[in-house]
Amino acid sequence: MTRKQLKFVVVGDGACGKTSLILAQAGGEFIEQYTPTAFDDYAIEALVNGKTVCVTAIVIVIVTY
1 MTRKQLKFVV VGDGACGKTS LILAQAGGEF IEQYTPTAFD DYAIEALVNG
51 KTVCVTAIVI VIVTY
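Residue 29 in full-length UniProt numbering is what sits at position 29 of the sequence shown, and the numbering runs on without skipping anything.
Hints in this document: simulated from the structure, not taken from any laboratory. Take the hints with a grain of salt, since some may be wrong.
Unchecked claim - Only pairs whose alpha carbons sit at most 25 Å apart, straight line, appear in this in silico SDA-like list of lysine to any residue:
#	residue 1	residue 2
1	K18	T56
2	K51	A24
3	K7	N49
4	K18	I60
5	K7	Y65
6	K7	P36
7	K4	T56
8	K18	L47
9	K51	F39
10	K18	V59
11	K4	L23
12	K7	G50
13	K4	L47
14	K7	V48
15	K18	Y34
16	K18	V55
17	K7	F30
18	K18	I31
19	K4	T35
20	K18	I44
21	K7	A38
22	K4	T37
23	K18	Y42
24	K4	V53
25	K4	V59
26	K7	V61
27	K7	V63
28	K18	F39
29	K7	I31
30	K18	E29
31	K51	D13
32	K7	T37
33	K18	I58
34	K7	T35
Can you make the complete structure from the sequences, with help from the hints?
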């Protein structure tokens, strides 16, 4: 049986909570301490309606000058 894959990109200003939101949704707790990242990705496996789904989130920070 093949696994379903879901990929999405989260884009936004720095320090707005993109990474904390993803980690909280992945089953952890919301992290309030700010650790700067410019690009990061996270992958988890979840069971949805009896099927394994691999979810990948890519986090990109928008930098304006």
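Against the earlier hints, flag every one the structure doesn't satisfy and list their numbers going up.
As far as the earlier hints go, 5, 9, 19, 22, 31 are violated by this structure, in ascending order.
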